[in-house]
Every structure is written in structure tokens, then in C-alpha cells.
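Visitor: Chains as they are written, first to last, in full-length UniProt numbering: chain A, 1 to 217; chain B, 1 to 483; chain C, 1 to 252.
Hints listed in this document are in silico derivations from the structure and should not be mistaken for laboratory results.
Among the hints, erroneous ones may be present.
What the hints assert, rightly or not - Straight-line alpha carbon distances no greater than 30 angstroms define the calculated BS3-like cross-link-like pairs of lysine-lysine that follow:
| id | chain 1 | residue 1 | chain 2 | residue 2 |
| --- | --- | --- | --- | --- |
| 1 | C | Lys-100 | B | Lys-409 |
| 2 | B | Lys-112 | B | Lys-284 |
| 3 | B | Lys-471 | C | Lys-10 |
| 4 | B | Lys-381 | B | Lys-409 |
| 5 | B | Lys-460 | B | Lys-419 |
| 6 | B | Lys-112 | B | Lys-177 |
| 7 | C | Lys-100 | C | Lys-5 |
| 8 | C | Lys-110 | B | Lys-471 |
| 9 | B | Lys-43 | B | Lys-381 |
| 10 | C | Lys-10 | C | Lys-100 |
| 11 | C | Lys-10 | C | Lys-110 |
| 12 | C | Lys-110 | B | Lys-419 |
| 13 | C | Lys-110 | C | Lys-100 |
| 14 | B | Lys-460 | B | Lys-471 |
| 15 | C | Lys-100 | B | Lys-381 |
| 16 | B | Lys-409 | B | Lys-419 |
| 17 | C | Lys-100 | B | Lys-419 |
| 18 | B | Lys-381 | C | Lys-110 |
| 19 | C | Lys-5 | C | Lys-110 |
| 20 | C | Lys-5 | B | Lys-381 |
To be verified - Covered by chain B, per the in silico footprint, the following chain A stretches (three or more residues, Cβ under 8 angstroms):
| id | segment |
| --- | --- |
| 21 | 85 to 98 |
| 22 | 158 to 172 |
| 23 | 177 to 191 |
In this text, all values refer to a predicted model and were calculated from it rather than measured experimentally.
Every residue, glycine too, gets a C-beta built ideally from N, C-alpha and C.
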Amino acid sequence: MSARETILGRLRQRLDGPLTPPVSDFAVMGGRGWSREERLRRFEAWITSVHGEVIHTPRADWTQALARVLADKGIRRLALGRAHPVAAEARAALAEAEVTLVDADRPVDAWREELFFQTEAGLTSTGGGVAETGSLWLWPTPDEPRLLSLVPPIHIAVLDAEAIEDTLFEAMERHDWAEGLPTNALLISGPSKTADIEQTLAYGVHGPRELVVLLRH
Amino acid sequence: MSLETPGVQTFRPQAFHRQAHDALGNPQIRANFRGAMDGLMGKRREAFADWELERLRELGASVRLRALAQLPTLLERLEANCQANGIRVHWAEDGEAACRLIRELCEARGAKAVIKGKSMVTEEMHLNAHLEAAGIEALESDLGEYLVQLNDQTPSHIIMPAIHLNTDEIADVMHDKTGIPRTRDVDAMTAAARAQLRERFMAADVGITGVNFAVAETGTLCLVENEGNGRMTTTVPPVHIAVTGIEKVVEQLRDVAPLYALLTRSATGQHATTYLNMISGPRKSDEQDGPEEVHLVLVDNGRSAIYQDDELLDTLRCIRCGACMNHCPVYTRVGGHSYGTTYPGPIGSILMPHLMGLEATKDLPTASSLCGACGEVCPVKIPIPDLLTRLRREAVGEGRGNVPGAGSKRTRTEAAAWKAWQWLATHPAAWRGAAGVAGRLGSLTPSRLGPWSDHRVAPKPARHSLHALIKRHRSTTDEEGQS
Amino acid sequence: MTPIKCYPPKPPRVYLFGTCLVDLFFPEAGLDAVRLLEREGIAVDFPEDQTCCGQPAYTSGYQDEARAVAAAQLDLFPEPWPIVVPSGSCGGMLRHHYPKLFAGTPLEAKANELAGRVFELTEFLVHVCHLELEDRGAPETVAMHTSCSARREMGLAETGPALLARLGRVTLVEQERAAECCGFGGTFAVRHPEVSAAMVEDKSRAIEAAGAERFVTSDCGCLMNIAGRLAHRDSSVEGEHIASYLWRRVGK
Chain A
1 MSARETILGR
11 LRQRLDGPLT
21 PPVSDFAVMG
31 GRGWSREERL
41 RRFEAWITSV
51 HGEVIHTPRA
61 DWTQALARVL
71 ADKGIRRLAL
81 GRAHPVAAEA
91 RAALAEAEVT
101 LVDADRPVDA
111 WREELFFQTE
121 AGLTSTGGGV
131 AETGSLWLWP
141 TPDEPRLLSL
151 VPPIHIAVLD
161 AEAIEDTLFE
171 AMERHDWAEG
181 LPTNALLISG
191 PSKTADIEQT
201 LAYGVHGPRE
211 LVVLLRH
Chain B
1 MSLETPGVQT
11 FRPQAFHRQA
21 HDALGNPQIR
31 ANFRGAMDGL
41 MGKRREAFAD
51 WELERLRELG
61 ASVRLRALAQ
71 LPTLLERLEA
81 NCQANGIRVH
91 WAEDGEAACR
101 LIRELCEARG
111 AKAVIKGKSM
121 VTEEMHLNAH
131 LEAAGIEALE
141 SDLGEYLVQL
151 NDQTPSHIIM
161 PAIHLNTDEI
171 ADVMHDKTGI
181 PRTRDVDAMT
191 AAARAQLRER
201 FMAADVGITG
211 VNFAVAETGT
221 LCLVENEGNG
231 RMTTTVPPVH
241 IAVTGIEKVV
251 EQLRDVAPLY
261 ALLTRSATGQ
271 HATTYLNMIS
281 GPRKSDEQDG
291 PEEVHLVLVD
301 NGRSAIYQDD
311 ELLDTLRCIR
321 CGACMNHCPV
331 YTRVGGHSYG
341 TTYPGPIGSI
351 LMPHLMGLEA
361 TKDLPTASSL
371 CGACGEVCPV
381 KIPIPDLLTR
391 LRREAVGEGR
401 GNVPGAGSKR
411 TRTEAAAWKA
421 WQWLATHPAA
431 WRGAAGVAGR
441 LGSLTPSRLG
451 PWSDHRVAPK
461 PARHSLHALI
471 KRHRSTTDEE
481 GQS
Chain C
1 MTPIKCYPPK
11 PPRVYLFGTC
21 LVDLFFPEAG
31 LDAVRLLERE
41 GIAVDFPEDQ
51 TCCGQPAYTS
61 GYQDEARAVA
71 AAQLDLFPEP
81 WPIVVPSGSC
91 GGMLRHHYPK
101 LFAGTPLEAK
111 ANELAGRVFE
121 LTEFLVHVCH
131 LELEDRGAPE
141 TVAMHTSCSA
151 RREMGLAETG
161 PALLARLGRV
171 TLVEQERAAE
181 CCGFGGTFAV
191 RHPEVSAAMV
201 EDKSRAIEAA
211 GAERFVTSDC
221 GCLMNIAGRL
231 AHRDSSVEGE
241 HIASYLWRRV
251 GK
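Just chain A, same shape as in the assembly (with noise of 0.2 angstroms):
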């Protein structure tokens, strides 16, 4: 008998006896009943406690807004896809800017080295956020890769406000996640981190160590 037949016949000829499934009530993970500028509060304070960086913007001036943050930081090799509209109107405004574009959209493997070591920041769009805890979710795709928001000291992430949900059960439920998940998805909260040495922070451990938001309005 194989091993899966093993365990499952055990767990299914449980001593005593089978179990009844109780019923979960998730009132407890939504409505919280806040109202836009509640959200938005809850956004900006959850995540800047986590050493993220939130910057408001017009919708209109967001370039603007990104090339600032490019200047500020002297940023000067920025890595984005090309297809998704935040990456195609980066592309349009940084044109003429003292920034070198690094296309994110070909196989990793032909950039690895570029993109572990010369890399100074990675741009990416994002589903949405999430109010309560401060949280962006993104969903990779052959345009904006996985390690876009991994693997470059800085992580810049475009974010519209009206994007934001009150609580991640309520983004999971409202975007139907269960009906067709990517390969990856991911939650981010902040800049990557440690508390591992004597639980004092450090960040950008082996992700960024700068999470910036453009909050788009």
C-alpha cells in the first residue's frame, strides 16, 4: 500500500469516530464600517509603522510624483514592466530623465546578475490595498515578475485609493481570489525585515529596505 493510502485510510478509520464540522461566522473579519478618509488614515498609519513610505498624488501628476522620489533617492537604473498602463506611463514620463529603464518583461534568467546587483529600484502596480493592516497585494504577472518587488533595495508601488478595502478577508471576497489565483500572490506590508538579532529591526534583509507608495487620489 502506498503511503498516501496508508495515512488516508488511518484519518478515515479514526478510532473514535468521524467528526462534525462546525460552522465558522466571519462577521468578525469585515464590516468595520469605515468611512474613505477612515480607510485612508488606517492605510497611511499601518503601513508608514512598518517603515513604508506613502506619497499622495493627483492621479493626473503621478510621474511627476514618481520622478521625485527617483530624484530624492538618486535613483538612476529603475526596473518596470512595459505592457501594464503604470509601467507604460513611467516609461512615457521618465523618457527623457537621467534614469536608466531596465525592462523587468524577459526571462530573469537573461538579467539575473543586472537585476541582484545593479538594480536600484523596482516599480510595480498593485491590485489594491488593505486599510486594516497596512497591506498592498500584488499579482505578478510576465509583465511586473516576481522579484520586481523582491529583489531591488527599493520597492516603488503604485496604489489608487480607491483600491482600498477595509480588511483582507473583504479584498479576498470582493476580488473573488478563490475563483482564479495566479501562480503567485502576494500580501506586502512594509519593507522587508528582521527582528532575528535580539529583536532590534533591521530592514532589507533579503528584500528592500525602502517600500515607497504612490498613493494615487
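With chain A fixed as given, assemble chains B and C onto it according to the hints.
Guide: For chains B and C alone, kept in the frame of chain A given last:
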């Protein structure tokens, strides 16, 4: 073959008393744990609002119980949905079978270097030692695990593996083992580890991680972490092998939301970790990154035996947050290594007897004052004190129990003593007589009561028992009533 | 979480379950509990045949022995009066563990009925007697140690301090990590003496550091442990059962 990696400092549950004695006498260990646990308790307290805590715990418990109630069905559903997503699913009855399976998967790829994300189940099966014996290097990438591995040790906490080391000790480890200039600067040490491990991620043939929640409904593996090493491990190497105990399955994707909220807040007081990484398959043909192969290894290793019993079943609800150890006054004082088991603290004391047998672990269920702090904070409401009591019963029982090694702690002397106590406590006249004798002999009773009086004044039986005092009280109040 | 309990009005009669530790080592505390209740106009019935609730055997794994001893107690409280216990630990045994101990046995219903009318002493004084206290003692700074069973099993973290707060001349101070176990744990102190000693050392130091001249507790196990440690170090801080402390300051 030996279960332990040569050179690694080993602790054994059989030596709990000696190991605890050593830890209690080590001011550095005492200070490191006390400080860390105080911090973690404070953070957890602040993380939950009063109105939600009990409702969330209730929901968390029901999610876990609902999954366990349908466990075999959900495992089959998980397998089918993972396979539909392109994840290959393997089953292992015990740790050794799982190690063999994982080694074979590595060998099939000609792997020489494995990078690991944090995984307690692979600690449980001593996977690193197994791989290294086969000539495959297994390197831990979680910073705490990396430091512990560099220091030839095992984790002392399931969430904070290097909590037993302070900054100075870690500075020594980083300097001695990786050759960086000695520094106490945490940012500098972290940056050094980042640089060292980046090379290793890129060079690794296989990434191995644990799983926090495996979603049957969608065939999704959820990994909860702060550092990003888990994302690196599951994205950079061409092969990802996820290893999990069979109990980690949940029914639906929505079940992840409450468990995630409970896990992060209970563990470290965080509202969310930096990353919740949800993996539903290998790289698709049009994707730019991600592993070409994803494997899921479902490990039983004693869990299906725990599953048989209605009371013991609750052990399997655990989501590995570590709150029980953070709040345990015993763990706080003796530290994680004293337990000599993969999982230390209260959860270890109710889980390890099933994995290692009660004979080896018989001192663990008694290493608790049953103060209830663990049960009070458990995010999925495992009645840990009741389970500790149950295992004590199994240990001294007559061997009919459901736990391996049941009855191994039974001694004739102790059993006879409890029988004698039973006789006395069910014969009230004799009890009162004994109390009277004890009271009269009060001044003659020894002033030393074994180890008790090494640290405390021994109590003396009162001259008159409560029975006697109340009798006298009654006669005086009756007299007063008559006069 | 302990379910919210509905408290009855003040009854004319109650039972006292004295507990074996009180019986043998701290009988005055038991008698003072009787005096406090009688002061409230409540007649106290002390069934003479009571011995021990069975907890030492229960937590040591000797369930059959514990059940036999517990069964002998079940018959001693036939009237539907409340059963007052001057200990959170024994109270917790009667209220929470008896129903489990007798589940599926012919005594199940009886155990459940009994469990439903068990009250820890401070709980009874606060929630049923609504005790008012006129403090006649000298000013004193006091720390309360609430036992883990009272605090967690019975959900009574507040009743002891609430009673002390009603004493006008007592300054109540809270020691650091007040909710942490003192390290008694019944047979734990015997099986793991060194760990237990480390715990009681921390607890006794915390009580001293809080500036308390005295500590008060509602459980004699903790009392024996903490006071025993303080005395061993020749500390000036003494311990007392809360029943005795209250009676001493208001009763005589």
C-alpha cells in the same frame, strides 16, 4: 544513521532536568529570554483590540476544527487542486521517508546546493543532516536560522530561532564564521548576511520551505514571513520543495484571513508580516521567473495517530505562532534548548510525546505549573493545560493509552502512594485522625522537606485542623446563642 | 474564556468546602472565611466528612484515584446552597474539572449540578454578598497575588483586588508581572524544584520591589510558596490568606 549533524550542539528531552539546571544558572540565557519574552508579550497584548480578540480566537478555532473534521477529504482535494495547478504532491508516513523522498527529488535534479526557508517540520525530521550525509549542502536563509546554523546549534524558539543569543554573541558568530570585521551594529550584520545569502540563493539548485497554510479549495501554499528569504527560496532556484505536516490544510482560501491575523499578532504582535506569499503553481510558460518545478511533500510523522483521539486531536489545531512559549513562565526561565526537542515550550510538551514517545519525553508534560497562560493566549484555543494533564495521565497509566510509551513513567511506589492517599481521602474519620496527629506532631515534623526547603521555609501542619477549629467555633457560638 | 456567570441574591445558608491545604496548614483562614460569611448574616454549613477535592491526583495523572476522592465529596452537599471555597485552585477543580472527570459516568449529572453552585470566596464576597468593609487596621501597603487558577480558570482577576480596594487604610500596589505564576503548581514544585524556585524567587522579589509590606492571596498553595520563600530569605514581607487579612482588619 545519526539523526544529528556532527558538531551540532545537541540537547535531549531525556536530560531536561540537567539542561534546565544549566540554563537557570546561566545569567546570559536568563536575561536573553526574559527580555525577549517580556517584549513579545507586550506586543501581543497591544495587537488585539478588546472587542475582536475572543471573536477572532473563536473563529480561528472553528476554522482549524473544520479542517481537521474533514482532513482526509481535504487532503485529497488539496492534492487534486495542487496537481491541476502543476504542483507535484508526495506523501510520507514518517520523517525518514520524507527525508528520503526529498533527497531523491534533489538527486533527480543533480542538486548539490539547497537553500532553505524556515521550516519546523524539516527540523523535526532532521532534514539538513540527512541531505548533508548524501553530499547535498543545506543552508538556512532565515537570518535567525542562518545564525543558529553558523553557530552549530538548533533553534531555541519556533519563531525566533536565535533568541537565545544576544547581539554580542551574534557579533562573534558573524565574525568567527563568516569572516566579516567584528561589529555589534545590527544593520551592518544584517547587510553582511544579505550579501552572503544573495550569492547562495543564486547558486542554489533547490529551495526548500515549510508551509503555513495549505488551501484545499485552490491548491495554494501560503508562506508567512518578514524577511523575504521565503520569497527568494520559492522564486529563485529552479525547484521549490514545500514540506508540511498533513494537519496544515485549510478548507477554503477565506479561512486564511483569520488564521493569518491570529498568527502574526499572536507571534510578534504584528498586524501583518511583511509578506504573505501565496503559491499556486510553478512558473507558467509565459512567466519570467519562478521555479520550473514545485513539489509538495505531505508528512504524517505521528499526526495520524494523534488524530485518532477526540481529546488529543486538539494538538493538531496548532498554527505554530509560539505565543504559548512566549507566555510560559517555565520556558521564559529555562529557554528553548532545555526541552531538547524540535518544538519547545507548552506546544512541544503536548506534541513531542507523540513524535518521540513518552519514555523519552516524560519530563516535559510535568514541566508546567498548569498556570494556564498558554491556553489563555493560544489563537486557536487549544486547551494546552488539559492536554498536559492528559499526557501526565498517559505517562503514569497502565499503558492502555493512545500515546507511544504510555505507562513508561509509572512506578509501583508512586502508584501505591496515590492509592494510600485515595484511601485516606475517602475515609473521613481516618483523614481527621491523620490531620490531628500531624497537628500534634507539628513541632516535630522535619524542618526540611527535600528540595522545597532549599529555597523556602517548610510549612508546618497547624496545631488544630479546620475541622477542629470549626467544631470549637460552633460550640462557642452556640453557647453565645444560649446565653 | 469563563462564561459570564449570573450571581444569585445573598442566600441564608451556604456550604464551606475548606480544602485540604487550609484544613492542615492554614485552618485560621478557613475559620476567618466562616466569620466573614456569618458577619453577612449567612449561616455556614461545614460538612465534616469533607477531605480533599482530588486535584493533586488529578493533575498528577492519577485520574481514577482523583475520581474516587471526588465522588466521596459529591454526596456531602445535598442541599441546593452555594458552595464557597477559599481557593481558586480547588474551586476551579470543583467547577471546571468535576464535570469532565465524571463525564459519561452515572455521577455526571450530580457533578454538573454541584459545579454550577461553586463559588470562590472572594467571588462570593464581591458578587453575591456585595461586601462592605470598614477598615480598622493600621495603614499598610499591600500587594495582591491572585492565583493562576482564580485568574484564568475561574476568571477572577479582579475580585481579590476589589476587596482590598474597599479597605480605606490599605494602599494596594501591583507587583511587576502580577499575572505570572508564582511557581507552586502543586506537584510541579516537587518534580521541577529548580524551575519552581526560580519562579518563586522572581515573584517574591517583585512583591518586595513594589514596596509592599505584606502580600495577600486567595490560595494557600501560593501562600505557602511565596511566604516560604520570603521567610527563607528573612524578608520583612509576610503573606496572609485574604480571608484572614480581611477579618483581622474589619471583623474583630
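Visitor: Evaluate each hint against the coordinates.
Guide: Verification of the supplied hints:
1. C:Lys-100 with B:Lys-409: 24 angstroms, holds
2. B:Lys-112 with B:Lys-284: 25 angstroms, holds
3. B:Lys-471 with C:Lys-10: 25 angstroms, holds
4. B:Lys-381 with B:Lys-409: 28 angstroms, holds
5. B:Lys-460 with B:Lys-419: 24 angstroms, holds
6. B:Lys-112 with B:Lys-177: The hint holds at about 21 angstroms.
7. C:Lys-100 with C:Lys-5: Holds. C:Lys-100 to C:Lys-5 sits at ~19 angstroms (cutoff 30 angstroms).
8. C:Lys-110 with B:Lys-471: Status holds; Cα separation ~28 angstroms.
9. B:Lys-43 with B:Lys-381: Status holds; Cα separation ~19 angstroms.
10. C:Lys-10 with C:Lys-100: Satisfied, since the Cα-Cα distance of roughly 29 angstroms is no more than 30 angstroms.
11. C:Lys-10 with C:Lys-110: Judged against 30 angstroms, a Cα distance of about 23 angstroms means the pair holds.
12. C:Lys-110 with B:Lys-419: 24 angstroms, holds
13. C:Lys-110 with C:Lys-100: Measuring from Cα to Cα gives roughly 12 angstroms; hence the hint holds.
14. B:Lys-460 with B:Lys-471: 21 angstroms, holds
15. C:Lys-100 with B:Lys-381: Given pair C:Lys-100, B:Lys-381 holds - Cα atoms ~17 angstroms apart, limit 30 angstroms.
16. B:Lys-409 with B:Lys-419: Holds, because 16 angstroms separates the two Cα atoms, which is no more than 30 angstroms.
17. C:Lys-100 with B:Lys-419: 21 angstroms, holds
18. B:Lys-381 with C:Lys-110: Measuring from Cα to Cα gives roughly 28 angstroms; hence the hint holds.
19. C:Lys-5 with C:Lys-110: Distance ~19 angstroms between C:Lys-5 and C:Lys-110 Cα, so the pair holds.
20. C:Lys-5 with B:Lys-381: OK: C:Lys-5 and B:Lys-381 at ~21 angstroms, within 30 angstroms.
21. 85 to 98: violated (count 0)
22. 158 to 172: holds (count 4)
23. 177 to 191: Our answer is that it holds, as 13 residues pass the Cβ test (under 8 angstroms) against chain B, meeting three.
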